[in-house]
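Peer 1: Sequence:
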Amino acid sequence: MSSDSARRQVPGARVPDGWVRLTVPAVPDGMRPTSWRRTLESVHPGQSGVDALPGHWLNPGDEIALPAGTLLLTADKTATGTAVNTRTRRLYTTEDAHLTISLLAPDGTLTTLWARHYARAASALGKQVINKVGTLLTTHPSPGTPPVVLVEGQRPNRRTAACRHACGADIAPGDGHLIGSGRDAEVEHWPDCAAPAALPVPRPRRTCDNCEGPGRGHDATDSNGIPGRVCARCAREPSYLLSFA
57 MSSDSARRQV PGARVPDGWV RLTVPAVPDG MRPTSWRRTL ESVHPGQSGV DALPGHWLNP
117 GDEIALPAGT LLLTADKTAT GTAVNTRTRR LYTTEDAHLT ISLLAPDGTL TTLWARHYAR
177 AASALGKQVI NKVGTLLTTH PSPGTPPVVL VEGQRPNRRT AACRHACGAD IAPGDGHLIG
237 SGRDAEVEHW PDCAAPAALP VPRPRRTCDN CEGPGRGHDA TDSNGIPGRV CARCAREPSY
297 LLSFA
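Just add 56 to the spot in the sequence shown (first one is 1) and you have this note's numbering.
What the hints contain is simulated information worked out from the structure, not anything from laboratory work. From a predicted model like this one, the values you see are computed outputs, not experimental measurements. Some hints could be false.
What follows is a list of derived Cβ distance ranges for each label pair [what the hints assert, rightly or not]:
| # | residue 1 | residue 2 | range |
| --- | --- | --- | --- |
| 1 | Ser104 | Gly200 | 16 to 26 angstroms |
| 2 | Thr277 | Ala241 | 54 to 64 angstroms |
| 3 | Thr149 | His196 | 29 to 39 angstroms |
| 4 | Thr216 | His196 | 37 to 47 angstroms |
| 5 | Arg146 | Asp226 | 17 to 27 angstroms |
| 6 | Ser104 | Thr216 | 26 to 36 angstroms |
| 7 | Val66 | Thr277 | 37 to 47 angstroms |
| 8 | Gly271 | Asp231 | 43 to 53 angstroms |
By construction, the Cβ of each residue, glycine as well, lies at the ideal position given by its N, Cα and C atoms.
Please put together the full structure from these sequences, using the hints given.
Peer 2: So this is what it looks like as structure tokens:
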């Protein structure tokens, strides 16, 4: 896949005055597709995990616009082994997490302010990270504005899924683009949904062409000479009293 086919312009998107353009850091080779990027806006100490760190998800490879001074949190994960889910008894892949907090400079570069490695990704966003984010936000207050996406990078789907647009066609793994995240994620054709929508299959009519009541077992012609099918009661009526239009 060429770099051009893996990107698409967002119509009408532009860099707001005073903002800077940034390419969201790509996931390094060998890292898991579950790696992620996110802006940091505030801290909710009473929450845990990502819920404790409000912000906006960023797609690796996107070109975006943000105000200088925005803090970014990146989590890059590698597979460390397997474990058994105690509820489902199914195997799943265990991961570590490399967390980095960076500051967006006025020239569009990212300066690393803090980095740590955690052996278990599931417990990486604990009290230490939440407290660190709070300290950094005190020094570098969040502008509090969502990013503007200028150029989208493809987020390939990992499973076969139906296109979220009218075509509804199945999209093979790797051929589509994910929209949203988690259980709310949907898939669409990439770079555009060019498949035409399937024409609706007409349902056979079951009602009388004249009175719209049940039954249409009799041929008839209405007052305008239009042929149709009518119920037993309307079949006894003269043609000049019938209307199928």
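Peer 1: Looking only at beta-carbon atoms, does the pair Ser104, Thr216 fall within the given range of 26 to 36 angstroms?
Peer 2: holds (33 angstroms)
Peer 1: Does the hinted range 37 to 47 angstroms hold for Val66 and Thr277 at CB?
Peer 2: The hint (37 to 47 angstroms, Cβ to Cβ) is violated, given that Val66 and Thr277 are roughly 58 angstroms apart.
Peer 1: Can you let me know if the beta-carbon spacing of Thr277 and Ala241 is within 54 to 64 angstroms?
Peer 2: For Thr277 and Ala241 the Cβ distance comes to about 56 angstroms; the hint holds.
Peer 1: For Arg146 and Asp226, compare the CB-CB distance with the range 17 to 27 angstroms and indicate the outcome.
Peer 2: holds (25 angstroms)
Peer 1: Does the Cβ distance between Thr216 and His196 fall inside 37 to 47 angstroms?
Peer 2: Distance hint for Thr216, His196 holds at roughly 43 angstroms.
Peer 1: State, for the Cβ atoms of Thr149 and His196, whether the hinted interval 29 to 39 angstroms holds or is violated.
Peer 2: 35 angstroms Cβ-Cβ, so the 29 to 39 angstroms window holds.
Peer 1: Within 16 to 26 angstroms or not, the Cβ separation of Ser104 and Gly200?
Peer 2: holds (23 angstroms)
Peer 1: If I claimed the Cβ atoms of Gly271 and Asp231 lie 43 to 53 angstroms apart, would that claim hold in this structure?
Peer 2: holds (49 angstroms)
Checked against the numbered hints listed earlier, the structure breaks hint 7 alone; every other hint is satisfied.
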